[in-house]
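Chains A and B, in that order, give the protein sequences.
Mapped onto our numbering, the consecutive letters of the first sequence carry residue numbers 1 to 279.
Mapped onto our numbering, the consecutive letters of the second sequence carry residue numbers 1 to 565.
Treat the hints as calculated values from the structure; they're not laboratory data.
Glycine is no exception: its CB is placed at the ideal position from the N, C-alpha and C atoms.
Be aware that one or more of the hints could be misleading.
What the hints assert, rightly or not - To spell it out: a stretch of chain A is covered by chain B in this simulated footprint if at least three of its residues, at any positions, have a beta carbon under 8 Å from a beta carbon of chain B; those stretches are:
1) 50–60
2) 111–117
3) 124–134
4) 159–165
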Amino acid sequence: MTKSSPTRILLILAITLTLVFWPLGLLLYNRPADVLSYALPALLMALSFILFKLKPRLWLIPLLFIPVFEPKLALLPFFSAGLNLFFNRNRIGLFFLAAALLIALFSFRPFLSQSVFAPDYNARQTILRQTYLYPTTWMARLFQNKPAIPWNKAKFNFFALSDPNNYFFAFHPREITVDNQNLAKFPFLALGFFLPGLLFLRQSPNLIFVAVTGSAGILSLSLLQNFDRRDFLLYPILLLILWSGLTYLRRKHPGWELPAYLAFSVFSITELLRVLTWI
Amino acid sequence: MKHFTLIILTLITLLGTFIRIYQLGKAPAGLYIDEAGQGYSAYSLLKTGRDEFGQPFPFAFRSFTDFKTPVYVYLIVPLIPIFDLTALTVRFPSFIFSVLTFPLLYLLLKKISPQKFQPTLPLLAPFLLAISPWHTLFGRTNFECNVALFLLLLAVYLFYLGLEKGWILTLSALFFALALPAYHSQRFLVPAVVSILLCRFRKTLFAPLCRRSLLAGAVLALLITLPTISVAATPGFLMRASGLNIFSRASHQPAWYKETYSASLDSLVNSSWFLSTKEFLSLYFSYHSPRYMFNLGDYGPRSSFPSLSTFFVWQFPFYLLGLYLFLKEKGLGELKFFTLLLLILAPVPAALTRDPYSTIRALPLVIPQIIIISFGLLKAYAYLKPIWKRAALAVFALLIIHSLLNLYSSAIILNEYYRAEEWDYGWKDVANVLKNRPANLPVVVDNVRDEPYIVLLFFLKHDPAAFQRENFEVSNSEYYTNMTRQRDKKIGSITTRAIVWEKDLLVDQYLVGDQLAISDDQIRNHKLTPIKDVLYPDKGTAFRIIRTNPSYELEQRRLRQERNK
């Protein structure tokens with residue numbers, strides 16, 4: 001069934017608006033040199049996806065270069081190779097895992113100083129103080145211990161990275177988020193494409209890529225002290241989920257396309273104006 | 001099998017009871033002003049048939065012109081002759097209705113769950129609810145939302161029973177009508193749930209079996225709701241909603257409003273329709289966000305435990321699995337309908353208020369989320385090979401033990417240490433000192449940063465009739481319409497107002513205040529006599545009680561005057 005011109009135009013507008021938000025925000029509120037350091041891992045991720053479609057056996061190669069440009073993401077190739085091996089057990093997968101492990105070892109020192117494992121004096125003092133509140137030693141050790149410090153930080157990052165509010169509402173204005181630019185990453189109505197995209201991801205041909213790189217990306221970012229702007233790495237993966245949701249809606253509910261794109265465009269243009277005028 | 005199920009349910013109820021009754025009334029150690037307010041209103045009703053402002057049997061309690069919902073206060077009244085006016089008394093209704101929710105949830109899930117999930121799902125969900133930090137907190141403190149949740153669930157359960165035995169619909173209508181004024185968010189939730197249930201089951205409800213009971217129930221519900229309807233349009237009744245809702249511009253700008261932007265596109269950039277839509281959706285989705293559910297929890301210090309969110313982090317993968325499979329699986333019938341109904345509707349009234357993830361306002365959401373986690377656990381267990389099932393049960397048992405210890409660590413140990421100030425700890429000690437002071441010695445209690453009058457009324461068990469005589473705020477006819485507040489109060493020879501040092505130092509009296517109100521310098525410079533410093537558990541000063549030294553003050557002023565001449 002051919003789409004009418006207004007529907008097609010609005011679809012192109014909706015896709016364009018979805019694509020520009022996050023890169024535009026990064027460009028407007030950061031120095032160009034910094035933007036490059038945030039964008040390169042995402043570009044390599046995109047390249048990896050292209051290989052996934054064209055040469056599936058080699059798609060992990062670009063990911064191996066990410067720690068070269070961003071040592072903080074030293075563990076990303078390792079997690080990706082490990083998860084890929086879980087889905088596809090073959091020799092090439094083992095080779096990539098070994099290569100990723102070597103790269104991780106080489107980049108480990110710079111990673112460690114920027115990770116949740118870096119020493120935190122204040123957190124340790126809090127642990128010591130709270131230890132005295134407990135009636136028994138074993139209970140104090142169970143809940144107030146040094147391994148809990150990186151665990152709690154990683155947990156905080158993990159849930160922030162897997163929170164849709166992070167990407168569609170820049171968290172929330174009355175929520176205090178320290179050390180975060182709270183950039184608008186996607187127009188908030190794009191959540192209407194994202195949720196079906198997640199729900200029906202299993203039917204998507206890109207499932208393995210999204211599952212492996214998405215999980216690896218979130219895990220490796222969770223281990224950083226501050227993941228803000230580094231999470232641009234997830235941009236291609238989130239676009240794939242959005243595309244999956246959009247495709248599903250176009251296929252299953254074609255009657256809703258015109259009003260959905262219209263509402264989306266009106267709200268997203270307004271939101272884009274807010275991004276542009278906030279300088 | 002039936003006996004075994006009953007035994008398990010009893011054990012679950014006992015576990016939930018123990019978790020909630022352990023140091024009930026003592027932890028949290030303080031008594032928050034809202035708790036004291038409801039307790040004293042109940043006490044005043046018992047003694048005089050009127051609240052502390054002299055209004056006979058109000059439909060909403062004026063309190064601090066926040067007009068508290070009435071059901072909880074009336075539930076406290078009969079408990080006072082039994083337990084006296086104590087923190088335990090005011091928290092007891094919340095505790096008892098919290099405990100009663102476990103067997104009620106079991107019965108409801110038994111009624112609506114498909115046979116293949118019986119009896120495991122109806123048992124697992126109440127078990128997880130019993131140990132849930134979210135539900136536990138509101139079962140240990142005075143919060144109306146807990147009672148409202150019970151009434152709503154009971155009404156829904158009776159509704160499902162009534163579809164088969166028509167006369168029970170009348171009871172269902174009764175409890176829907178009682179749930180409506182039980183908490184603010186029920187004003188949206190109850191009509192929404194009733195409308196959807198009526199629509200879904202209209203054929204059965206309008207059939208001869210149910211028609212008469214439906215009509216009788218409607219009439220009964222209307223009669224019970226009439227008092228609420230009679231004040232529904234008053235500023236008092238709407239006070240809470242109008243003050244907190246995201247559309248109100250009286251006291252604050254909408255979220256993301258750019259105050260520094262004033263160019264030509266202002267009407268678009270700062271448009272209400274855009275900002276309100278975005279804010280509502282942002283708040284709504286925060287209630288479904290795993291970040292809040294399993295990591296951050298509620299940011300309010302009295303609606304959360306330190307270092308603990310609303311669910312345990314180990315429940316996260318089961319929530320994801322449960323949600324995915326729950327949405328995909330067919331043949332779940334009323335279980336799916338009821339769970340999704342509450343999952344979608346419960347956050348709406350909370351999302352209309354400004355605060356992200358307010359667990360008080362969205363308490364009904366705990367039910368569908370617990371059901372989904374339970375569903376995920378059962379599905380995960382079913383996927384396991386038989387060789388792994390025993391190990392899984394052992395791991396589950398360890399997780400439960402860890403969770404219970406974590407609950408104790410946060411709710412009892414850390415909460416007492418870190419949140420004492422938020423729970424208004426210390427006023428009981430202040431009241432005890434004031435009770436034993438020299439007869440008729442005046443007292444001034446600083447009220448610049450707090451509302452101490454109500455906690456003092458509570459702990460001193462001051463005569464309500466005397467308080468009504470000594471303090472006039474508004475006439476009975478203007479109770480719901482006049483929002484004037486008299487912050488200064490008289491409790492016999494105790495006055496709660498701001499300390500006026502110039503004047504108050506010349507009168508022999510006690511002064512009570514926090515460390516900001518009564519500093520070390522003032523004690524030293526005016527040679528004041530410290531009577532007692534009430535300390536928080538972390539050894540910080542909560543309140544200071546000092547006695548003035550008028551003779552010294554007069555002498556010092558005389559000397560200063562002479563020097564100035």
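Tested hints:
Only residues whose C-beta sits within less than 8 Å of a C-beta in chain B count toward coverage, and the segment 50–60 of chain A has 0 of them, not enough to reach three; the restraint is violated. Counting residues of the segment 111–117 of chain A whose C-beta lies closer than 8 Å to any C-beta of chain B gives 0; at least three are required, and the coverage claim is violated. A stretch counts as covered by a chain when three or more of its residues have a beta carbon under 8 Å from one of that chain; for the segment 124–134 of chain A and chain B the count is 3, and the coverage holds. Under a criterion of three residues with beta carbons nearer than 8 Å to beta carbons of chain B, the stated coverage of the segment 159–165 of chain A is upheld, 6 such residues being counted.
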